[in-house]
Amino acid sequence: MNALPTNNNLADTLLKIASWASGIFIVLFFGYLLFDITVNGFSRIDFSFFYESPVNAGRQGGIAPMLISTLLILILCLCISLPIGIASAIYLAEYTNEKQWFSRFIRRCLNIISGVPSIVMGLFGYAFFVIALKLGFSLLSGALTLAAMVLPLLIRSIEDSLRAIPQSYRLNAHALGLSQWRMIFQILLPMASQGILLAVILSIGRAMAETAALLYTSGYVMRTPDSIMDSGRSLSVHIFDLSMNVPGGEPSAYASALTLIVLLLIINTITAYISRIIKNRSIK
Amino acid sequence: MFPLNKDKILLIVLRIMAGISVLSLLFILFYLVKEALPILQSISSHRFFTDESWHPTSGSYLLLPMIIGSILIMLGAMIVSAPLGILTAILSQFYAPPWFTKPLNRTVEILSGIPSVIYGFLGIVTIVPLLAEFQAPGTSVLAGVIVLSFIVLPNIVLISNNALSQIEQVHIHNAMSLGLSRYAIIRHVILPQAKPGLFTGIVLQSGRAIGETLAVLMVCGNVVQIPGSIFEPVRTLTSNIALEMAYAMNDHRSALFLSGLMLMVVVLVVILIAEKFSPQANIQ
Amino acid sequence: MKVTSKPAHLKSVPDDYHAAPGTHQLPTHISIENLSLKIDTQIIFDKLSLPIYENRINTLIGPSGCGKSSLLNCITRLSDYNNSSLEGKIILDNNDLLHKKTDLIKLRRKVGMIFQKPVPFPMSIRKNFALPLKEHGVRNTYDIEQKMENALRAVGLWKEISNRIDTRADKLSGGQQQRLCIARVLALEPKAILMDEPCSSLDPMATAIVEELIVGLKEKYTIFLVTHNLAQAKRIADFVAFMWYHDGHGRLIEHNHADVIFEKPSNPITAAYVQGLTE
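Residue numbers (our numbering), protein chains in the order written: chain A, 261 to 544; chain B, 294 to 577; chain C, 2 to 280.
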């Protein structure tokens, strides 16, 4: 926080009041949100919630199939987006100059992809993966769509981590006659590993929160999927269905929301922890 | 330059991967256009604005109410959350003691990661009934504005925090040594410099706001009409797509894709504007 | 640990000696001929010629910015990585290094490079050696171990760190790190070693140790050393080339025995530059 000299003039006081009001509003709002979801969600949860299937359109029973679907979609999404993301980031960081038009062009393309509204991504996923590639409503279609959404974030973060490595390491590696292959995989990538991990975790958080893109790609069905080509419902879609289409589904929705928030909180904490480690490392 | 075959192969593989990333944008555009084409070919574009109503099954394609709905809700949300967000950032940077700002910033980070579905859900169970008591039916423009503001607010705070903290200390020190007070420094030194960053952030968030689907779907009532007051229900372009894709066929479906394409164009324009004002905008 | 101030084997220089590159009767290990370097569109130096003599400490002195480091980078073709265009020839063992078909891996094994700031890779000391050795075809663990030990002995580090070969190399002190980097290069058994201001980020104690090491190395290797520390050049150089910024780019002004350069330079610019050192 910048320590600025205070002054007892009217403008300062007004600004002080206004900004405190906003800040307190946000804290209250968050408190209310947390309180509401915890209290209402908790009462509905017991251990069986996590391993039972939904009963009566989800009003009773558990969310096990949704947890499985969510997990599978996540894993699939990472399996697809990580190789492409890391490879693209390596290409951008090690083989292109930031100032060249080509690098700026790629960056702009990625920016545009990350700005596409998720429902529109869902439309694309539907038209391309579900229909054109004949994958049908499936976990795979959903994962592919999510991968497309998550790719720009991955590439940007990993590229930044690689570019942050001082040039002297590369010069020394070249001077010792090391091949690009060895230099990248045995020196640079290990050095960037924390940044990469951070990027992956951020992407997981983003993917878990995604709903609209999955509606018309991974499906709506409430049962446990048999395979990745089978359709399944993610946790966020379940919350949507319960609150919109199932009268009396509110308690389950609360519980599902609580679960989702807790999962995201865990991810958020891990992210903050790793960021702090990275920051401390770079001060040395 | 690279004497080894290993390195040449590596370069080719990396190039292919980077190409896939860029190609995905092309694919997205291609498929959206492909699916939107039929409706463009069968009716002339002015009909989206002049037809009697939105009844695609009977050949009526008035999109105007939904376009207006999207714009209204987006504007409303930005008007509410931009000042709140910036004020909170000012609080966290200049007015609040560390024991408050640390938890505040963590809170904001967590809030920004919460899926919009959950905000929508809370909107249905809390805000809509509240509004309904005041003025039926509860699901309305106002509900949409409120929910969307909550979704967009944390991000604005984060971006504003970023923009405000990047002012170089030099300027602040100069101002302090000239005897300027806190309010004056904020108003005349810091804010003007932070303007590009703030502006960019807000523009980007408005792009995100107009693309928001599920939360507004859940609380806006989804009646296709140009609302007479903020208490009346409305439907946005995004909600329209989400609602009708399930059963739309042929030209109807094509019209939905077209509206998706429109949204994408809007967001593209928004991003280009944002890039103009801040070339290093980190779009997440 | 005293470093001698004047190499004892240098013969005395006649009074009417005139500097001209390449007129010393000594085998030339690397010959730079009419080398011109441009980075992006800026000319760094133009038609520069310089012989680097075998088993001698050849030094390059001059103010910062006149292209000394760039010249070093050209020899190992590190210039390839930053938009440079090179013309001219660099001859090593009857081959022109600038030729497209040059085997860069072999080149960088034959000619090693030490940088200003020591850069041990963030891994164990053992791995720092294993990585380049494996790249150059030494796979056998025993061989790697042997070469590593020999190199570490040659730089006088073996006793100090033999008990922590598997700890991270970047935890060593500055002087140790630089000696480690030199050892890393020695393990590849080069013929010539280029050094770009190797002591400028070291404290005086460490500098003395490294300087003594460099003097000891010249018996087996050709050394080409860039330095802006005139005292250092006076202490350890056999031959001195002096570069100066002239007409917008770097130029070789004078090249001769160290004695001549420091006591009887023929060019007035050289005289002005070294004047602080001559008593």
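Please note that a few of the clues may not be correct.
Short, incomplete list of chain A residues facing chain B, as computed with Cβ under 7 Å [stated by the list, open to error]:
hint, residue
1, 288
2, 290
3, 294
4, 325
5, 348
6, 363
7, 367
8, 369
9, 372
10, 373
11, 411
12, 441
13, 499
14, 506
15, 507
16, 508
Please keep in mind that the hints were generated in silico from the structure rather than gathered at the bench. Just so you know, even glycine gets a beta-carbon here, dropped at the ideal spot from N, CA and C.
Restraint outcome when residue 411 of chain A is required to lie within 7 Å of chain B by C-beta distance:
Because about 6 Å separates residue 411 of chain A from the closest Cβ in chain B, which is inside the 7 Å limit, the hint holds.
Does the nearest C-beta of chain B fall within a distance shorter than 7 Å of the C-beta of residue 506 of chain A?
Cβ of residue 506 of chain A sits 12 Å from chain B, so the hint is violated.
Tell me if the interface restraint on residue 373 of chain A is satisfied: Cβ within less than 7 Å of some Cβ in chain B.
Hint on residue 373 of chain A: holds, closest Cβ of chain B at ~5 Å, below 7 Å.
Hint check: is the beta carbon of residue 372 of chain A less than 7 Å from a beta carbon of chain B?
holds (6 Å)
Min Cβ distance, residue 290 of chain A to chain B: is it shorter than 7 Å?
holds (5 Å)
Go through the hint on residue 499 of chain A and say holds or violated, using the shortest Cβ distance to chain B against 7 Å.
holds (5 Å)
Given hint residue 294 of chain A near chain B, where the shortest CB pair must fall under 7 Å:
This interface hint is violated because 9 Å lies over the 7 Å limit.
Taking the least C-beta to C-beta distance, is residue 508 of chain A closer than 7 Å to chain B?
Interface hint status for residue 508 of chain A: violated (12 Å vs cutoff 7 Å).
With 7 Å as the cut and Cβ atoms as the points, is residue 348 of chain A at the interface with chain B?
It holds, given that the least Cβ distance between residue 348 of chain A and chain B is near 4 Å, below 7 Å.
Measuring from the C-beta of residue 288 of chain A to each C-beta in chain B, is the shortest one below 7 Å?
Result: violated, 11 Å to nearest chain B Cβ.
Grab the minimum C-beta distance from residue 507 of chain A to chain B and call the hint holds if it beats 7 Å, violated otherwise.
violated (12 Å)
Closest C-beta approach of residue 369 of chain A to chain B relative to 7 Å, hint status
It holds, given that the least Cβ distance between residue 369 of chain A and chain B is near 5 Å, below 7 Å.
In summary, the structure is inconsistent with hints 1, 3, 4, 6, 7, 14, 15, 16 from the numbered list given earlier, while agreeing with the others.
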